[in-house]
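Trainee: This is what each chain is made of:
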Amino acid sequence: MAQNETRQDDMILSLNSIEVLYDSVLLAIKGVSIEVPRGGMIALLGSNGAGKSTTLKAISGLLKSERGKVSRGEIRFDGNLIGDFSPQDRVAMGICHVIEGRRVFEHLTPDENLDAAAPMSMSRSEMASEKERMYEYFPRLAERKSSQSGYLSGGEQQMLAIARALMTQPRLLMLDEPSLGLAPFLVTEIFGIIQRINKEEGLSVLLVEQNAIAALEIVSHGYLIENGRVVMHDTAEDLKKNSDIQEFYLGGGEGKNFHDIKHYSRRKRWLS
Amino acid sequence: MDWIFLGELTINGALTGLLYSLVAIGLVLIYKSSAVPNLAQGALTMMGAYVVLAFSHNLGWSLWISIPLAVVIMFFVGMGIERVALRRLAGRPIVMILMMTMGLDIFLRGTTLAIWGGTSRSMNLGVSYNPFFVGDMLLSRIHMVGAAVAIALFIGFMVFFRTRMGIRLRAISDDYLASWSVGISVERGVGLSWGLASIVAVATGVIWGEVQGVDQSLSILLLKGLTVAVLGGLDSIFGAIVAGIILGVLESVGSFYLDPIVGGGSRDLIVAGVLILTVMIRPHGLFGRHDIERI
Numbered sequence: 007m008a009q010n011e012t013r014q015d016d017m018i019l020s021l022n023s024i025e026v027l028y029d030s031v032l033l034a035i036k037g038v039s040i041e042v043p044r045g046g047m048i049a050l051l052g053s054n055g056a057g058k059s060t061t062l063k064a065i066s067g068l069l070k071s072e073r074g075k076v077s078r079g080e081i082r083f084d085g086n087l088i089g090d091f092s093p094q095d096r097v098a099m100g101i102c103h104v105i106e107g108r109r110v111f112e113h114l115t116p117d118e119n120l121d122a123a124a125p126m127s128m129s130r131s132e133m134a135s136e137k138e139r140m141y142e143y144f145p146r147l148a149e150r151k152s153s154q155s156g157y158l159s160g161g162e163q164q165m166l167a168i169a170r171a172l173m174t175q176p177r178l179l180m181l182d183e184p185s186l187g188l189a190p191f192l193v194t195e196i197f198g199i200i201q202r203i204n205k206e207e208g209l210s211v212l213l214v215e216q217n218a219i220a221a222l223e224i225v226s227h228g229y230l231i232e233n234g235r236v237v238m239h240d241t242a243e244d245l246k247k248n249s250d251i252q253e254f255y256l257g258g259g260e261g262k263n264f265h266d267i268k269h270y271s272r273r274k275r276w277l278s
Numbered sequence: 054m055d056w057i058f059l060g061e062l063t064i065n066g067a068l069t070g071l072l073y074s075l076v077a078i079g080l081v082l083i084y085k086s087s088a089v090p091n092l093a094q095g096a097l098t099m100m101g102a103y104v105v106l107a108f109s110h111n112l113g114w115s116l117w118i119s120i121p122l123a124v125v126i127m128f129f130v131g132m133g134i135e136r137v138a139l140r141r142l143a144g145r146p147i148v149m150i151l152m153m154t155m156g157l158d159i160f161l162r163g164t165t166l167a168i169w170g171g172t173s174r175s176m177n178l179g180v181s182y183n184p185f186f187v188g189d190m191l192l193s194r195i196h197m198v199g200a201a202v203a204i205a206l207f208i209g210f211m212v213f214f215r216t217r218m219g220i221r222l223r224a225i226s227d228d229y230l231a232s233w234s235v236g237i238s239v240e241r242g243v244g245l246s247w248g249l250a251s252i253v254a255v256a257t258g259v260i261w262g263e264v265q266g267v268d269q270s271l272s273i274l275l276l277k278g279l280t281v282a283v284l285g286g287l288d289s290i291f292g293a294i295v296a297g298i299i300l301g302v303l304e305s306v307g308s309f310y311l312d313p314i315v316g317g318g319s320r321d322l323i324v325a326g327v328l329i330l331t332v333m334i335r336p337h338g339l340f341g342r343h344d345i346e347r348i
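For the protein sequence lines, the chains are A and Z, in the order given.
Taking the working numbering, the leading residue of the first sequence gets 7, the next gets one more, and so forth.
Taking the working numbering, the leading residue of the second sequence gets 54, the next gets one more, and so forth.
Okay, derived cross-link-like pairs now, DMTMM-like style, lysine to aspartate or glutamate, Cα gap no bigger than 20 Å in a straight line: (1) 151(A) x 132(A); (2) 70(A) x 80(A); (3) 70(A) x 25(A); (4) 205(A) x 16(A); (5) 70(A) x 240(Z); (6) 70(A) x 228(Z).
Quick list of simulated restraints, FRET-style, between CB atoms: (7) 215(Z) x 80(A): 40 to 46 Å; (8) 153(A) x 217(Z): 16 to 22 Å; (9) 142(Z) x 86(A): 28 to 34 Å; (10) 330(Z) x 153(A): 29 to 35 Å; (11) 86(A) x 146(Z): 34 to 40 Å; (12) 189(Z) x 154(A): 46 to 52 Å; (13) 167(Z) x 37(A): 51 to 57 Å; (14) 80(A) x 142(Z): 28 to 34 Å; (15) 226(A) x 336(Z): 50 to 56 Å; (16) 336(Z) x 29(A): 31 to 37 Å; (17) 325(Z) x 153(A): 34 to 40 Å.
The hints are simulated quantities; they were obtained by calculation from the structure and are not laboratory data.
Only a predicted model underlies this, so the values are computations on that prediction, with no experimental measurement involved.
Think of the CB as a built atom: it goes at the ideal place given N, C-alpha and C, for glycine as much as any other residue.
Please model the entire structure based on the sequences and the hints provided.
Mentor: Written out as structure tokens, the structure reads:
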């Protein structure tokens, strides 16, 4: 028991058998348990519709805007149950969710995007130095800080979305598909910056990705979600070696032809 | 050609247009901070006027006390509308919210009619009805006061939308979900915008109440305000001012030439024409952001 508690203290976030219901009928997540260690980087992998984004929304509280709710299980942040808190309260506690699809404030300048996310309690001088820090991490944004954000490139918008999230001074940063639709060199650049912030500031990161190759390069552990369940949990090294993962998510495998793969995927499910 | 008369028509038209801008500013405020076109702004304006009258006439208090009191009360009425009627609709399709504001319009008109009846009352601001002479042109004093109020509100809100709170409201109007995700209280922001628009409604109600008396017809100002707001661009306060002047001048000069031909009533035709043409040719208005038609 005592051992269990110390383990809990090492975790900034722990999900215990979470279930999520949409519209009181649709069960989108069926008992997901995940842990993010303090200062760690964890990936949540899985295909489209597996429940990755829903898991993040359950943690950030954004489910409520989609008429979803956590119907079972508990979410602890820093050891505290956060199930009843509003999204604003959770941001104030230090959880920030970079939602899928970038979603910058298009009609504001990048500079104003950062202003909007700064907590009201932050003083003007603090805000200015925080923004300077963001421009140092993301020099591309500094060059374009006064243009309209809607006209930034996809990569720049993703950087802005991350910088905007960092303005809330999170202790846990959750990223939903940051690589989506971006050129590989941009993915490398953005993941490099995330890794740097993780190392320099001890920011804990929960990364949701379909791009398993890129994600497994920077995280220590990964969870694989399928059909609303965690079907695999291992270190990044072992996940990369796992033949099922290679076949389905890394595009590797032993050169089976397409017909065989489809047949195989119908037959096999990871429901351990 | 009587240039003095034409000048008088133009200037008085522009002044009247700026009074339309007052209504439009209320609309823009709410649109700019929550992306909702508020069809109840006309009814709010009328209610603002009635609340002022409730203090100044029914209780006999001075206007200098009645107006600030009405401002405070209407601010909370606006906040209350968000809390009771709109909060549960946040994030729902815009059509539902639009219908809700229309329902509010009917509700507010019904309530004011039940409480204060249908007879017209006067505001008695104490502004002289004698015309103000500029050279040989005669200008209306109350219209000049109203235009000054419109310009003052315009400057005030231009500054406000550059403050941290103002930037947050603009962020909310851009993307509710993204705002929640960075800890912005969308609910409180939208509530604040309704509160501010209700304050504008008091100013508008007082000026228009002085111009045409306080009765149910004040709520029909919505149509002029909406036309101005759409022409200027629903999210542009600067647009509301410019479009107000344009519509006012078009209406006053245009109806002078058209009325003898069509036999009167061309004012409304001009307003309708401007609204329809704007939506057809330039849906985002003169100064609005360019993707408004997407919503």
